[in-house]
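My request is simple: use the sequences and hints to build the entire structure.
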Amino acid sequence: MTTETKSTPVSKTTPAANNIVSLRDDEIHVSESLWTLALRRLRRDYLTLIAIGIVLVLGLLSLLAPVITDALNVSYTRTDNPPFLPIGSQGHILGTDDLGRDQLARLLYAGRVSLTIATTAAIGSLLIGMSIGVLAGYYQGGPLGFVDDIIMWFVTTLNSIPTLFLLLIVASVLRAQQSALQSSVVVLILILTFLGWTGTMRLVRGETLARRELEYTVAARALGASDTRIMFVHLLPNIFSIIVVTLAIDIGSLILVESALSYLGLGVRPPTPSWGNMLNNAQSFFDRGPHLVVMPGLLIVITVLCLYIIGDGLRDAFDPQASKKVA
Amino acid sequence: MGRYILRRLIQAIPTLLGITILAFLIMSAAPGGPAAAMTFDPKVPAKQREAMQEKLGFNDPLPVQYLRWLLGERPIQVAGVTLWAGREIPIFDRLGNEIGSEQGTSGGIIRLDFGRSLFYKRPVVDMLKERAGATVQLGAFALAIGFTIGIPVGILSAVRRGGTFDNVSRVLAVVFNAVPVFWLGLMLILVFGKWLEVLPMGNQCPLTIRGCTSLQDRVNHLILPVFTLGTGWIAVLSRYMRTSTLDVMSQDYIRTAQAKGLPDRQVWFVHATRNALIPIATILGPAIPNLLSGAVITETIFSWPGLGRLSFEAVIQQDYPMVMAVVLLSGVITIVGYLLSDILYALIDPRIRLVGAG
Numbered sequence: 001m002t003t004e005t006k007s008t009p010v011s012k013t014t015p016a017a018n019n020i021v022s023l024r025d026d027e028i029h030v031s032e033s034l035w036t037l038a039l040r041r042l043r044r045d046y047l048t049l050i051a052i053g054i055v056l057v058l059g060l061l062s063l064l065a066p067v068i069t070d071a072l073n074v075s076y077t078r079t080d081n082p083p084f085l086p087i088g089s090q091g092h093i094l095g096t097d098d099l100g101r102d103q104l105a106r107l108l109y110a111g112r113v114s115l116t117i118a119t120t121a122a123i124g125s126l127l128i129g130m131s132i133g134v135l136a137g138y139y140q141g142g143p144l145g146f147v148d149d150i151i152m153w154f155v156t157t158l159n160s161i162p163t164l165f166l167l168l169i170v171a172s173v174l175r176a177q178q179s180a181l182q183s184s185v186v187v188l189i190l191i192l193t194f195l196g197w198t199g200t201m202r203l204v205r206g207e208t209l210a211r212r213e214l215e216y217t218v219a220a221r222a223l224g225a226s227d228t229r230i231m232f233v234h235l236l237p238n239i240f241s242i243i244v245v246t247l248a249i250d251i252g253s254l255i256l257v258e259s260a261l262s263y264l265g266l267g268v269r270p271p272t273p274s275w276g277n278m279l280n281n282a283q284s285f286f287d288r289g290p291h292l293v294v295m296p297g298l299l300i301v302i303t304v305l306c307l308y309i310i311g312d313g314l315r316d317a318f319d320p321q322a323s324k325k326v327a
Numbered sequence: 001m002g003r004y005i006l007r008r009l010i011q012a013i014p015t016l017l018g019i020t021i022l023a024f025l026i027m028s029a030a031p032g033g034p035a036a037a038m039t040f041d042p043k044v045p046a047k048q049r050e051a052m053q054e055k056l057g058f059n060d061p062l063p064v065q066y067l068r069w070l071l072g073e074r075p076i077q078v079a080g081v082t083l084w085a086g087r088e089i090p091i092f093d094r095l096g097n098e099i100g101s102e103q104g105t106s107g108g109i110i111r112l113d114f115g116r117s118l119f120y121k122r123p124v125v126d127m128l129k130e131r132a133g134a135t136v137q138l139g140a141f142a143l144a145i146g147f148t149i150g151i152p153v154g155i156l157s158a159v160r161r162g163g164t165f166d167n168v169s170r171v172l173a174v175v176f177n178a179v180p181v182f183w184l185g186l187m188l189i190l191v192f193g194k195w196l197e198v199l200p201m202g203n204q205c206p207l208t209i210r211g212c213t214s215l216q217d218r219v220n221h222l223i224l225p226v227f228t229l230g231t232g233w234i235a236v237l238s239r240y241m242r243t244s245t246l247d248v249m250s251q252d253y254i255r256t257a258q259a260k261g262l263p264d265r266q267v268w269f270v271h272a273t274r275n276a277l278i279p280i281a282t283i284l285g286p287a288i289p290n291l292l293s294g295a296v297i298t299e300t301i302f303s304w305p306g307l308g309r310l311s312f313e314a315v316i317q318q319d320y321p322m323v324m325a326v327v328l329l330s331g332v333i334t335i336v337g338y339l340l341s342d343i344l345y346a347l348i349d350p351r352i353r354l355v356g357a358g
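First to last, the protein sequences are chains A and B. Numbering of the first sequence is given in the numbering used here, commencing with residue 1 and proceeding in unit increments. Numbering of the second sequence is given in the numbering used here, commencing with residue 1 and proceeding in unit increments.
Simulated pairs of lysine to any residue, SDA-like, Cα-Cα distance not exceeding 25 Å:
#	chain 1	residue 1	chain 2	residue 2
1	B	Lys194	A	Asn280
2	B	Lys47	B	Ile89
3	B	Lys121	B	Gly133
4	B	Lys55	B	Glu98
5	B	Lys194	A	Pro290
6	B	Lys129	B	Val219
7	B	Lys121	A	Ser172
8	B	Lys55	B	Ile109
9	B	Lys194	A	Leu85
10	B	Lys260	B	Asp247
11	B	Lys121	B	Ile316
12	B	Lys194	A	Leu99
13	B	Lys194	B	Phe227
14	B	Lys55	B	Gly100
15	B	Lys129	B	Asp217
16	B	Lys194	A	Phe286
17	B	Lys194	A	Phe84
18	B	Lys194	A	Val294
19	B	Lys194	A	Asn281
20	B	Lys194	A	Asp287
21	B	Lys55	B	Ala29
22	B	Lys194	A	Gly88
23	B	Lys194	A	Ser284
24	B	Lys194	A	Pro86
25	B	Lys260	B	Leu156
26	B	Lys260	B	Ser250
27	B	Lys55	B	Gln103
28	B	Lys47	B	Pro61
29	B	Lys194	A	Ile87
30	B	Lys194	A	Ser89
31	B	Lys129	A	Thr163
In case anyone wonders, no lab produced these hints; they're calculated from the structure.
Here it is as structure tokens:
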């Protein structure tokens, strides 16, 4: 852009005119990308920044779980301590659980499991939902429209069964034949990924439907771009900001879903800790260790809350108009 | 309006079929499914059992098995014309030898015959009927709490936009969206049941011979589960109502009402609220599957004798006829919920009908 303006005839006259041109050069509106603008707005949004900070700290703590537990000389599996030690006990900052395992260590490792499951499943279902959504939306109504019809029929059917019912049943069926997949964590990630993409798919399909008739898509088609190129080079990047927002909120809700499944005993299987399955026997801890009921839940609430705030903050950053309408 | 409803009903048929197919596929993927359940007997050798399963038709192609499951084994006749032949089922003696055959008696899903529960050995339909009341009670009260608290809170925070009430209620709404239902239930039991000892910790009635006698008992047992299930709805509805009220408040007719000197209270709570409530009709559809999911957790925590706990137990016990019935039932209820919500919306706001018809 700058090269074009410099080659305007005005710049080739007098030095004075050159000055003017350089002034004009400054004034030339170099349009900033959506991302630069969003980043600038985000830098002023302290609530979102704090939420991002908390999630990063929690993620880092979970990541460093082995280092931290070594440094504190505690372990999330060792059961040689007295059970139900209260918060603030010597050597066990957050006390011990019903089997005498250190609660802090268990919370850290559980965070690792819960965050890994939620993040992986969110990214996985996002990729599936995004690809199917853009395909279905792009071909809707055309000669390949029946593909969209079939996909939408499948999605409507899937959405007609209450989520938790579906998850419970699929989890129990898979659990019964789990010999091939030993790890309950992997099974859970697969279930959440393959049952969780419908929301993103609907969102992306709707956006694609709206955008495929816009000028830039028509222009790309006129220039001879292939369908694949239009979908993945022109349409998807324009929807990407919406997808980033969805990702943050999805990770949050997946943490909730994972914890509910694990609490009910059909998610992460003990002894692998997750924030949900640490509450498995919560009702029997009421007398001796209420802190065992409070702590895992509190961590879930804080993490999910921060992720929701991040999602909202990102939406505001990308689309201030939308938030003005709501706020 | 009649045409709109008819069209929506026809649109629901493929979804309904989809649910039956999905339910059937999940069931046939389950190890220890109906095949094992029907022929299990430790006295019969494994080879014999396989032969029995073959004769019972468990090795038939899946579409055939699906149709049999859907339509039943009794013939379907309409006005003397046989539409579905049904089939003869072999009878085995105690060692697994075939000794004859008889006309199948199962009516199939289409005739609402879900078979017998493997665990309770009773017709599934009877059990669903027994348990449905408790869940309806819980869900209705939870939704009622959501509306009676959420709607006024939403309107008030729109009125006091930017004020303390608005900020506090908005923060609380976000926080309660992030609280897992099961943990909320546990904390409520811990605080009100265990520490304060003011409310019972579970069940629908006191565990005595007298059972549910006084209304007071029933209400006390309802409070915690209803709030566990309903708090999320208070949060959702207050947020929704706030946005919707603010939307309406920027419209011309509100300015007119204010300009002609109507008192604020009347403008807010009569003029604005009536139109702001319209979008709330769309929430009722998604509310139903959401409440059913929440009921599974709430009923399990509070030992509430409803459908939610029944279905959770059926999943754990691998009681497949029961699981299938619950999946189908919840699917049908969900479809009906969306249908009602759409019809309600179209009734309140005629513009929807016109758009839908185009």
